[in-house]
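J.: Please put together the full structure from these sequences, using the hints given.
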Amino acid sequence: MNCREVQALLDNLVDLDLPEGQRRKVEDHLKGCAGCRTSEARLRALLARVGALPRSIAPARDPWPGIVSRITAGEVIEHDFAGRGRRWYPLAAAAAAAAVLILAVSLVTAVLVGRERASRVAVNPERPDAAVGVTPASLELAQVQVTYAAARQQLLAALEARKGSLSPQTLAVVEENLKIIDKAVGEMQAALARDPGNRELPMLLVTAYRQEIDLLRRVTQLPSRG
Amino acid sequence: MSHEPGAGDELGLVRAAQGGDLPAFEALYRSAVGLVYALCLRMAGNAALAEELTQDVFVRAWQKLPTFRGESAFTTWLTRLAVNVVLTERRDRGRRNARLALSDDLDAVAPPAPAGHPGTALDLERAIAGLPEQARKVFVLHDVQGWRHGEIARLTGIAVGTCKSHLHRARALLREVLGP
Numbered sequence: 001m002n003c004r005e006v007q008a009l010l011d012n013l014v015d016l017d018l019p020e021g022q023r024r025k026v027e028d029h030l031k032g033c034a035g036c037r038t039s040e041a042r043l044r045a046l047l048a049r050v051g052a053l054p055r056s057i058a059p060a061r062d063p064w065p066g067i068v069s070r071i072t073a074g075e076v077i078e079h080d081f082a083g084r085g086r087r088w089y090p091l092a093a094a095a096a097a098a099a100v101l102i103l104a105v106s107l108v109t110a111v112l113v114g115r116e117r118a119s120r121v122a123v124n125p126e127r128p129d130a131a132v133g134v135t136p137a138s139l140e141l142a143q144v145q146v147t148y149a150a151a152r153q154q155l156l157a158a159l160e161a162r163k164g165s166l167s168p169q170t171l172a173v174v175e176e177n178l179k180i181i182d183k184a185v186g187e188m189q190a191a192l193a194r195d196p197g198n199r200e201l202p203m204l205l206v207t208a209y210r211q212e213i214d215l216l217r218r219v220t221q222l223p224s225r226g
Numbered sequence: 001m002s003h004e005p006g007a008g009d010e011l012g013l014v015r016a017a018q019g020g021d022l023p024a025f026e027a028l029y030r031s032a033v034g035l036v037y038a039l040c041l042r043m044a045g046n047a048a049l050a051e052e053l054t055q056d057v058f059v060r061a062w063q064k065l066p067t068f069r070g071e072s073a074f075t076t077w078l079t080r081l082a083v084n085v086v087l088t089e090r091r092d093r094g095r096r097n098a099r100l101a102l103s104d105d106l107d108a109v110a111p112p113a114p115a116g117h118p119g120t121a122l123d124l125e126r127a128i129a130g131l132p133e134q135a136r137k138v139f140v141l142h143d144v145q146g147w148r149h150g151e152i153a154r155l156t157g158i159a160v161g162t163c164k165s166h167l168h169r170a171r172a173l174l175r176e177v178l179g180p
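Chains as they are written, first to last, in this note's numbering: chain A, 1 to 226; chain B, 1 to 180.
These aren't lab readings, by the way, just hints derived from the structure by calculation.
The C-beta atom is built at its ideal place from N, Cα and C for all residues, glycine as well.
Treat each hint with caution, since some may be false.
[Claimed, not checked] To give a feel for the contact side, a few chain B residues facing chain A, derived at Cβ under 8 Å:
no.	residue
1	Glu10
2	Gly20
3	Leu22
4	Glu26
5	Val33
6	Ala47
7	Val59
8	Trp77
9	Leu81
10	Ala121
11	Leu124
12	Leu167
13	Glu176
[Said to hold, decoys possible] Sample of chain A residues lacking proximity to chain B, with all beta carbon distances greater than 10 Å (derived):
no.	residue
14	Pro19
15	Glu20
16	Arg23
17	Arg24
18	Asp28
19	Leu30
20	Ala60
21	Asp62
22	Leu156
23	Ala193
24	Gly197
25	Arg210
T.: Structural data, given as structure tokens:
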């Protein structure tokens, strides 16, 4: 075996990807050839450096906010036969769901921040109106619930229009899940009315809203039964 | 940025995320974003594109979660998904622009070099990023991720022999660029 043949097989040698006979021939050559031994050593050194690279690298900017906005907008990434990625959004449903979620998330912040502000201004004699519980946050709560209800109605209408193309089993599961979420939403709304100062309830309520919108959105995107 | 949940925690988070629980999915994201981004960065050779691809991977992961049955670790499933996303990425981008942006990108994101070897890791990351596209992808999958030629060939749609040629070329170029 000459140097050129051995150089061509060094990758296979270090990858343990050579038949026994060939491996022995390459190793015999290496014993007597300083040049090829140097090449082998450099290759192994490179692989050792590569092996020491970190498995994880933190991105300079956190991609999560972008991911959340794309998920909540109901984006679907499809790949065509050429492997080209395409993004599309189910129009009305995506717009409604996104509006609900964005408002709902801002609601949580607003409710919490608003309460803290309210508690501060309540002792301020120049702002007596703040002490009676009418805060920007409570107004926003009413607004988000209206938007949520509208989005829910829109998606339910879309589901109604698709009923004929979904299997009865799928519909039964969806309806059962909607009942459970609706019950939870109703209980949390009642609890929030009894305890408007509760900090956890708005979070739970938003999660329930999100689950309901997400379930509806997913089911309106299901492929028709064959 | 990364908190790695145990296997039980991970499965619990996956099950919750499969039920539409976004905070659970965020916990999975936090534990794996570094792995995914490193893979995207090395395969794409460009930080801005790698960030976009990382977003694509997690949006796609959210959509595909119902198909995850727990037969492998979540990170294994996610890595495979990330490779698919990167390999199917066909957005038109000027090679020249990518190359010009490269040094700044890697200065910003490359991890610090180990003590006693100043610049070593950064030099290597830069050299990998400078490889021709196909050679870089095969090199990253084989030598960094530890995939076999057969698996790479299946995913990329090239012959095993072509895959080996790309790897040979990548290693030769890296030795040339990095010197003795």
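J.: Next, verify each hint and record whether it holds.
T.: Tested hints:
Because the beta carbon of Glu10 of chain B sits about 16 Å from the nearest beta carbon in chain A, more than 8 Å, this interface hint is broken. Given the 8 Å rule on beta carbons, the hint for Gly20 of chain B holds: about 5 Å separates it from the nearest Cβ of chain A. Hint status for Leu22 of chain B: holds, given a least beta-carbon distance of 7 Å to chain A, under 8 Å. With a least beta-carbon distance of about 7 Å to chain A, the hint placing Glu26 of chain B at the interface is held under the 8 Å criterion.
A least Cβ separation of about 7 Å between Val33 of chain B and chain A falls short of the 8 Å threshold, and the interface hint therefore holds. Proximity of Ala47 of chain B to chain A holds as hinted, the smallest CB-CB distance being about 7 Å (cut-off 8 Å). With a cut of 8 Å, the hint placing Val59 of chain B at the interface with chain A holds, because the nearest CB-to-CB distance is about 5 Å. Evaluation of the Trp77 of chain B hint against chain A yields a violated restraint, the C-beta minimum of about 16 Å exceeding 8 Å.
Contact between Leu81 of chain B and chain A, as hinted, is not supported at the beta carbon level, the nearest pair being about 11 Å apart and thus beyond 8 Å. Checking Ala121 of chain B against chain A: minimum C-beta separation of about 6 Å stays under 8 Å; hint holds. For Leu124 of chain B, the interface hint holds, since its Cβ comes within 8 Å of a Cβ in chain A; the closest pair sits about 6 Å apart. Checking Leu167 of chain B against chain A by beta carbon gives a least distance of about 6 Å; that is within 8 Å, so the hint holds.
Against a cut-off of 8 Å between C-beta atoms, the interface hint on Glu176 of chain B is violated, since the closest Cβ of chain A lies about 10 Å away. Distance check for Pro19 of chain A against chain B: the nearest CB is about 15 Å away, which clears 10 Å, and the non-interface claim stands. Interface exclusion of Glu20 of chain A from chain B stands, the closest Cβ pair being 19 Å apart, more than 10 Å. With a closest Cβ-Cβ approach of about 16 Å to chain B, Arg23 of chain A is found to remain outside the 10 Å limit, as its non-interface label requires.
A cut-off of 10 Å between C-beta atoms confirms that Arg24 of chain A is not in contact with chain B; the least separation is 21 Å. Every Cβ of chain B is farther than 10 Å from the Cβ of Asp28 of chain A; the closest lies at roughly 22 Å, confirming the non-interface assignment. Its beta-carbon lying about 17 Å from the closest one in chain B, Leu30 of chain A satisfies the requirement of being farther than 10 Å from that chain. With a minimum CB-CB distance of about 5 Å to chain B, Ala60 of chain A fails to clear the 10 Å threshold, and the non-interface call is violated.
Its beta-carbon lying about 7 Å from the closest one in chain B, Asp62 of chain A breaks the requirement of being farther than 10 Å from that chain. With 10 Å as the threshold on Cβ separation, the claim that Leu156 of chain A sits away from chain B holds: the shortest Cβ distance comes to roughly 17 Å. The beta carbon of Ala193 of chain A sits about 25 Å from the closest Cβ of chain B, which is more than 10 Å, so the claim that it is off the interface holds. With a minimum CB-CB distance of about 23 Å to chain B, Gly197 of chain A clears the 10 Å threshold, and the non-interface call stands.
For Arg210 of chain A, the shortest C-beta to C-beta distance to chain B comes to about 7 Å, within the 10 Å cut-off, and the non-interface label is violated.
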